[in-house]
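Chains as they are written, first to last, in this note's numbering: chain A, 1 to 215; chain B, 1 to 215.
One or more hints might be untrue.
Unchecked claim - With a straight-line Cα cutoff of 20 Å, these simulated SDA-like cross-link-like pairs (lysine to any residue) come out:
(1) B:Lys-16 x A:Gly-65
(2) A:Lys-159 x A:Thr-19
(3) B:Lys-141 x A:Thr-174
(4) B:Lys-141 x A:Ser-166
(5) A:Lys-16 x A:Pro-164
(6) B:Lys-141 x A:His-172
(7) A:Lys-159 x B:Leu-32
(8) B:Lys-159 x A:Gly-65
(9) B:Lys-16 x A:Thr-49
(10) B:Lys-141 x A:Asp-171
(11) B:Lys-159 x B:Asp-20
(12) B:Lys-16 x A:Gly-62
(13) B:Lys-159 x A:Gly-62
(14) A:Lys-16 x B:Gly-62
(15) A:Lys-159 x B:Gly-62
(16) B:Lys-159 x A:Leu-32
(17) B:Lys-16 x B:Glu-168
(18) A:Lys-141 x B:Glu-169
(19) B:Lys-159 x B:Arg-18
(20) A:Lys-16 x A:Asp-83
Stated by the list, open to error - If we take Cβ atoms under 8 Å as the criterion, some of the chain B residues that face chain A in the derived model are:
(21) Gly-50
(22) Met-87
(23) Val-206
Please keep in mind that the hints were generated in silico from the structure rather than gathered at the bench.
Every value quoted in this text rests on a predicted model; they were computed, and no experiment measured them.
Cβ coordinates follow ideal geometry from the N, Cα and C atoms, glycine included.
2 protein chains.
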Amino acid sequence: MLSTTERTRLNRGKAKARTDRGELYDLLDEGLVCHLGVVVDGSPRVLPTGYGRIGDTLYLHGSTGARSLLAADEVCVTVTLLDGIVMARSGFHHSMNHRSAMVFGTPRVVTDEQERWEGLRAITEQLAPGQWDVVRPPSAKEMAATRVLALSLAEASVKVRTGPPSDEESDHATPIWAGVQPVRMVFDPPVTDPALVHDLPAPDHVLARVTRDEA
Amino acid sequence: MLSTTERTRLNRGKAKARTDRGELYDLLDEGLVCHLGVVVDGSPRVLPTGYGRIGDTLYLHGSTGARSLLAADEVCVTVTLLDGIVMARSGFHHSMNHRSAMVFGTPRVVTDEQERWEGLRAITEQLAPGQWDVVRPPSAKEMAATRVLALSLAEASVKVRTGPPSDEESDHATPIWAGVQPVRMVFDPPVTDPALVHDLPAPDHVLARVTRDEA
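Sequences are here, hints too, so could you generate the full structure?
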């Protein structure tokens, strides 16, 4: 269950709040980019970045020199998956079918080397599943240059909009087309690094990710 | 030209800052969702929302009752387009090819009715090009329920990462595959609202948006 706090309560709009923690996990596991919100000198800053999840913890990473992750201040991490463009009979009811998660909290700077390793593994695997075990693991120097943050999923909300437009009843008789244009992200066949020295094929786990449309 | 301020200067990372204002426009015009960062009671909040652009102004809208847009406080609007998963020979150099724009400023609450109308038109057309002129326009009641904000693009930065992995020279001889898996968003054929009273086909401007892959 996702508990409700003042800022995760959703009062407005057609998008429905979900309270199933499994939906939060599924959404986070499907996403690739999160938008990390921080306050710097009183001003908001929103940065796109990768992330990974292990259980009820979200891992983020950055350079030890990155200003936005210098202090373990309060953050808001938002992951949004766009599913469709909702085209209504009225301009007012145009909308997006989407799933979004917001996570609030103050991340912990991870110091335990084992957890730092597992966090970085989760972040890499979120981006490129199957890669961690086949690539060169981080060196001591690379580990030292990387800050790993852990954010609890204790305070999180999930918002989902699905389905057809929510037009006014009075507009239904109007002869205007209405519907949803589905939107999705696809993975295309991999492009090998032109600098590759060896004549190696892309690994199966990469090829398996290529989107194949049912024709 | 995009002018550089302290917070739009990019000091780190392989992603390159761009200074061409045309690149900012192109990126914003291609995106569908922005992530709006605000500070509420000292805490960051990041909300996915639609937007539209007219010249050097970004328009946002919300319900007049939405707490996050109550005051015209400072915001950061980030638009991120993901182009590919960068798979390196080392875990450390895994990355994302992406284009992202960050816009900083204090939005103006638009009060002029003509500008409010044009702003809403831009937001709707960004989401669903061609729809504004064929759907029922906003009623006086709907206009009254909608807050339109205008954010100047004066303080903005664009960051772009393209190309193959940036592996260490010392890793190049390693027999590990490396490359990029392209990622893109596709529009599928529209799904008509089951509640449509008239037997109307989806309009041409909607069908024209459907992604057609070269087979």
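The hints, checked one at a time:
1. Taken as a hint, the Lys-16 of chain B and Gly-65 of chain A pair is honoured in the structure, with Cα atoms around 17 Å apart against an allowance of 20 Å.
2. Only pairs whose Cα atoms come within 20 Å are accepted, and Lys-159 of chain A paired with Thr-19 of chain A is accepted, the gap being roughly 9 Å.
3. With a CA separation close to 19 Å, the supplied pair Lys-141 of chain B and Thr-174 of chain A stays within the 20 Å bound.
4. Distance check on the hinted pair: Lys-141 of chain B and Ser-166 of chain A sit about 17 Å apart at the alpha-carbon level, within 20 Å; holds.
5. The straight-line distance between the Cα atoms of Lys-16 of chain A and Pro-164 of chain A is roughly 14 Å, inside the 20 Å bound, and the hint therefore holds.
6. Only pairs whose Cα atoms come within 20 Å are accepted, and Lys-141 of chain B paired with His-172 of chain A is accepted, the gap being roughly 18 Å.
7. Simply put, Lys-159 of chain A and Leu-32 of chain B have alpha-carbon atoms about 18 Å apart, close enough for the 20 Å limit, and the pair holds.
8. Distance hint between Lys-159 of chain B and Gly-65 of chain A is fulfilled; the C-alpha atoms sit about 18 Å from each other, no more than 20 Å.
9. Note on Lys-16 of chain B and Thr-49 of chain A: the hinted pairing holds, with a Cα-Cα distance of about 15 Å set against a maximum of 20 Å.
10. A threshold of 20 Å between alpha carbons decides the hint, and for Lys-141 of chain B with Asp-171 of chain A the separation of about 15 Å falls inside it, so the pair holds.
11. As the CA atoms of Lys-159 of chain B and Asp-20 of chain B are separated by approximately 11 Å, the hinted pair is consistent with the 20 Å bound.
12. At roughly 17 Å between alpha-carbon atoms, Lys-16 of chain B and Gly-62 of chain A fall within 20 Å of each other, so this suggested pair holds.
13. With a C-alpha separation of about 16 Å, the suggested pairing of Lys-159 of chain B with Gly-62 of chain A holds against the 20 Å cut-off.
14. Taking the CA atoms of Lys-16 of chain A and Gly-62 of chain B, the gap is near 17 Å; set against the 20 Å cutoff, the hint holds.
15. As the CA atoms of Lys-159 of chain A and Gly-62 of chain B are separated by approximately 16 Å, the hinted pair is consistent with the 20 Å bound.
16. At most 20 Å may separate the alpha-carbon atoms for a hinted pair to count; Lys-159 of chain B and Leu-32 of chain A meet this at roughly 18 Å.
17. Only pairs whose Cα atoms come within 20 Å are accepted, and Lys-16 of chain B paired with Glu-168 of chain B is accepted, the gap being roughly 18 Å.
18. The suggested pairing of Lys-141 of chain A with Glu-169 of chain B holds, with an alpha-carbon distance near 15 Å, which does not exceed 20 Å.
19. Between Lys-159 of chain B and Arg-18 of chain B the CA atoms are separated by roughly 6 Å; this keeps the pair inside 20 Å, and the hint holds.
20. At roughly 15 Å between alpha-carbon atoms, Lys-16 of chain A and Asp-83 of chain A fall within 20 Å of each other, so this suggested pair holds.
21. For Gly-50 of chain B, the interface hint holds, the least distance from its beta-carbon to any beta-carbon of chain A being 7 Å, beneath 8 Å.
22. Interface hint status for Met-87 of chain B: upheld, as the beta-carbon distance to the closest one in chain A is roughly 5 Å, under 8 Å.
23. For the restraint placing Val-206 of chain B at the interface with chain A, the shortest Cβ-Cβ distance is roughly 6 Å, inside the 8 Å limit, so the hint holds.
The structure meets every hint from the earlier list without exception.
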